[in-house]
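> The chain contents come next:
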Amino acid sequence: MSAENPKTAGIVPISQAVYEVCNDLGDYRLREYPRFLQWAIRAYIDLNMYHSERVEVAYKKMDANGIVDMSVQADFIDYVKVGYPMQGKLITLGVNDKIMLRRDEIPEDVAAGIFNGEEDVSVLGDLGHSYFAPHYYNGSLVGGLYGLSGGSKRSYYRFDYEKSQFQFDTSLSNNDVVIEYISTGVSPTGNTLIKRQAVPVLIAYIHWQRVEFDPRVPMNEKMRRERAFDAEVEKMRFFENAPTIQEILNEYYKTVFQTVKR
Amino acid sequence: MTKRQFIELIQLRLSENSIVADKLRKYPYQVIEKTVEAAYNTNLVNLYVRSNTYKSDLDLYTKTYPTVPVTSDEAEIPVTKLPQLPNNEALRYVADANNINNPVFYIQNYSTPVFNRLDVSSEMADDVMYYVEDNKIHLINNGVTALSSLYIKAVAPFSDFTDEEELPMPLGSEITVYDIVLQRMMQMRNPDQITDNNPSP
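Quick note, the sequences are listed as chains H and C, same order. So the first sequence is numbered by my numbering: it starts at 1 and just counts up by one. So the second sequence is numbered by my numbering: it starts at 1 and just counts up by one.
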């Protein structure tokens, strides 16, 4: 492929799907634009929740109470991974559903106790996991307990859906937290850009929804359009999830051993 | 054919091709004009009903008003009275007068409470919308863009054509309008509208 321009954009505004539908219909009046656009947004959020493998990443700092507030991340639906960065990799942390969630009704001293800080070995020990207590001494990490690997600090978290925040049970180095999450994919400030492979799906969805609520349209036509939408979803899923030949070969070579031929 | 030519043609036919003033006076110009207006509107509505799904046939009747001033987010629709076609189809296109490819989006009169609570409101945060009420265009969300004038395309009512203006009529439909007016003016009996085969009682 040459580097000559112009090429068709690979990332397009979400309105592209709406204009495509208008063009399909030969309807250039834009009378239904806000309605169609809402359908496009609805379909795109659905794709991100159920069909697409893409995740968003947020780099956050935990506050002094062990909280990472996700409410400012308006497109956040649910988390996929929570961890901290180390040497270019994401070291994932685990969920602990027993961590108390902070509520205003909790007295201040109890609330403070939820997040015990790095020195509180006893609380962490009660959790019953076989890791060494995260431990700092004089500003340096002490990670040399015999028989245990690592040297980084561990923490557990629980997500508080009501307040849209993570509650951690200990602090991490520099308080850095990396959160991978499922996003709506729709920018809360407008001008959403979407991937090109999603455009045909949105077009099929809008065409389907246009007739779905119209009692004059026979059921077979509604179902035909629903099937067309399902087919487009499958096409997009295949496009995004199909392994490359390199990935297939990697898997194959992993299982080939130099052994005695039988 | 101009409006005047059309009306005078009918006047001539009614006076049995006589140009004697007394005979012509029997069929006043204004009376014929009003009758032509009714026939013309009938023709317009028929065209609307028969035309393709998105009414592009109405383009023929459309007039452009390039700079319509906006005052307090309101703009007077620059026709005497917008013809009442379903779904406000008579208002064909509204855009920013400074950039006619920047459309102002149509919404129904009372749909903002719903749209404001949907995701689409943030996606359209920079877009201006309008609804129609009382021959006026009311702009919504004009705070950011602050449009001061609009570019409007609208179907003009018959009364807005001057005597010397060409009447927009689809080819062949002149004779339909002409016949309807003559029928009315000459008190002819309308064609039988009964569609069954039973003889009239």
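Just so you know, these hints were derived from the structure itself, not from any lab. Each hint should be verified, as a subset may be incorrect.
Said to hold, decoys possible - Dumping the calculated SDA-like pairs for lysine to any residue here, alpha-carbon to alpha-carbon at most 20 Å:
1) K153(C) with E162(H)
2) K153(C) with K98(H)
3) K63(C) with L85(C)
Stated by the list, open to error - The following label-pair restraints were derived from C-beta to C-beta distances:
4) L118(C) with Y59(H): 55 to 63 Å
5) A146(C) with P215(H): 56 to 64 Å
6) Q84(C) with D69(H): 48 to 56 Å
7) L85(C) with T189(H): 32 to 40 Å
8) P86(C) with P215(H): 43 to 51 Å
9) I77(H) with Q84(C): 25 to 33 Å
The C-beta atom is built at its ideal place from N, Cα and C for all residues, glycine as well.
> If a hint holds in the structure, say so; if it doesn't, say that too.
Hint check:
no. : hint                             : verdict
1   : K153(C) with E162(H)             : violated, 50 Å
2   : K153(C) with K98(H)              : violated, 65 Å
3   : K63(C) with L85(C)               : holds, 16 Å
4   : L118(C) with Y59(H): 55 to 63 Å  : violated, 30 Å
5   : A146(C) with P215(H): 56 to 64 Å : violated, 42 Å
6   : Q84(C) with D69(H): 48 to 56 Å   : holds, 54 Å
7   : L85(C) with T189(H): 32 to 40 Å  : holds, 37 Å
8   : P86(C) with P215(H): 43 to 51 Å  : violated, 18 Å
9   : I77(H) with Q84(C): 25 to 33 Å   : violated, 46 Å
When each numbered hint is compared with the structure, violations occur for hints 1, 2, 4, 5, 8 and 9.
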